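Here is what each chain is made of, one letter per residue.
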Amino acid sequence: MAYLELEKLHKEFGDFTAIEEIDVSIQAGEFLSLLGPSGCGKTTALRIVAGFERPTSGRVVVEGKDLTNVPPNHRDMGMVFQAYSLFPNMTAEANVEFGLRVRGQSGAERRKRVEDLLELVGLSAAAKRYPHQLSGGMQQRVALARALAIEPRVLLLDEPLSALDAKVRVQLREEIRRLQTQLGITTLYVTHDQEEALSVSDRVAVLSQGQIEQIGAPAEIYNAPGTPFVAEFIGTMNRLEATVAEEGQVQVNGMVLAVTDARGLPRGERVLVLIRPEILDLQRADGAASSALVGEVVAHIFLGAITRVKVDAGEHELSADLPGHRAAELPVGSQVAASFPADGGRVLALSEQPEGPAERAPAGQ
Amino acid sequence: MTRSGWFWVAVGLLYFLLPLAATAEFSFKDGDSYSFAAYREIFDDPQFRDTFFLSLKLAIVTIIVALLLFIPTVYWVHLRLPQFRPLVQFLCALPFVVPPIVLIVGILYVYNYQWVPGKYLGSPYYLVPGYVVLGFPFMFFALDNAFRAIDVHTLTEASQSLGAGWTRTLWKVILPNILTGALAGAFLTFALVMGEFTMASLALFNTFPTYINYIGQTKANPAAALTIISFGITWLALLGILFVGRRPGRTAVQVGGGAR
Ligand SMILES: Nc1ncnc2c1ncn2[C@@H]1O[C@H](COP(=O)(O)OP(=O)(O)OP(=O)(O)O)[C@@H](O)[C@H]1O
Ligand SMILES: [Mg+2]
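Same order as they appear, the protein sequences are chains A and B.
The first sequence begins at 0 in numbering that gives the first Met the number 0 and counts up by one.
The second sequence begins at 0 in numbering that gives the first Met the number 0 and counts up by one.
The following block holds chain A by itself, in its conformation from the complex:
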């Protein structure tokens, strides 16, 4: 049975619906991320789990016990906030000790535990320092140690890294993941940074407008986005509007392309073909090309190991990631034809209102 269950959570603030419905089960020891754009209700969902907000309807269940009406200080949930959450009047040590004092642990026991935790987050040397004497990254480590000290049933993190600079962010997220795995603690992690979510989670739930768009392992979310919204939100995606033609083929601008994923779809249906930039290949097109996807190179974006080549193909703007030397053969202004292997594209049915982020088109499979 699932360890933490969010059952049909629904939340309204006045007449504004912050959460339409969130229904998800989390296994013991699992690391689940709630990922979504600003205002999609991630924080609200987390606060409902922590007990700071009551859901308008729905339940929060941990180990079969309904906690929906339990006040936050009796929930045993460790929470790490975005920033400014350390008690400014206490040293790092005293901050970590706070929850243990509340629980009435003996002095010796407390000191041992505080020491262990500060060591775990690599801050033994800073035990006696006040929050204002710690860097942003160190403050968040202390906040993490403080949340873990009480051996919470669930660890909740609300964008704990968003106030830190890029390098510390990457370092700390790996450390959070390492600690989480080591301690086997069930974790709910809120972020709007897709790279962060994909790199540390067991599963990612992509939220949009108070609903879960898709939930799955990072690779699944990345490789097989279930809705146009997810496809758009996660990574970069080329989108081609097309019509289903023969079995396993689609028509774009009157030209036929083979896409395995289009099999089984009714002929004439409007679909969206999604192709990752790393899948798309570019060739020099001399004269009249036979491909549907011809255009002019308009920009090169240097990304280190690869170069992203932008192509203006009439109705579509395409991006292709090529190794530097290949990109160099296709300077800005040259005519190119784009192609991709038949199994490299993903097909989603296009509903009546195209591109609306809330649309929940069935996955085309």
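Hints in this document: simulated from the structure, not taken from any laboratory.
Careful, some of the hints might be misleading.
[Stated by the list, open to error] Pairs of lysine-lysine, DSSO-like flavour, derived with a Cα cap of 27 Å:
no., chain 1, residue 1, chain 2, residue 2
1, A, LYS127, A, LYS166
2, A, LYS111, A, LYS127
3, A, LYS64, A, LYS7
4, A, LYS111, B, LYS171
5, A, LYS127, B, LYS56
A quick note: this is a predicted structure, and the numbers were derived from the prediction, not measured.
Since the structure of chain A is already known, use the hints to place chain B with the ligands on it.
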């Protein structure tokens, strides 16, 4: 600063310091020479001690009542009822608009009702509610500033998520971080009570300010000495505010963070 700037600073200082220096000089005058005679006379006067300690007690009680009343109130306004802050700010202006004389008449009227136990009627402590009202603006602004300097929501929620209830959160987490503001409010209230004349006088109590008034009308040199003493008390209170404002380790400043 420019030359004319310094000039005006000097004029300002003279304006404040000259009367003070003159008063001080006068307070030490003893015939043709100088002595502490006037001060001795004041300190030897049992009335001085009685009224001074009465005002001191009134100040302390007022401060305690005001803190007990206003810390939870301001906390709650910040945490749950931010929309009421303008209203509270408006209420703050009332003691300035409604003069103490109106206030004390109102309070005397209230105390004339039968339900007030007789023993409180003769007690100077019934000035306390009036003082709390008079001190409310000072206390509120001091506390309000302190609460604005900390992240009340996050600190409260962090404390709760660690298992603390309201009492512990208020006592261990919130109070230490607004202590500077609370102390500043306390010193201001202290100075206020030590100098409030109208209410005490109308209610016929002999507090320190009414004593100053009495001496001022009867004895010249001791009055000057008393002025200097009372001035010293006010300055000590102000110094107290400066001092608590500078204590390290209590500030709510945190490095890092930013985008929120
Ligand atoms: N207490 C509240 N009263 C009214 N509306 C609220 C309240 N809290 C949140 N909302 C609204 O609910 C929606 C979801 O808010 P939430 O904070 O959960 O978003 P989020 O996904 O965490 O966004 P962000 O990435 O910006 O933090 C927002 O439109 C917000 O304005
Ligand atoms: Mg948020």
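Evaluated hints:
1. A/LYS127 with A/LYS166: Holds, at roughly 26 Å.
2. A/LYS111 with A/LYS127: Holds: A/LYS111 and A/LYS127 sit about 15 Å apart, inside 27 Å.
3. A/LYS64 with A/LYS7: This hinted pair holds, its Cα atoms lying about 16 Å apart.
4. A/LYS111 with B/LYS171: Holds, at about 22 Å.
5. A/LYS127 with B/LYS56: violated, 40 Å
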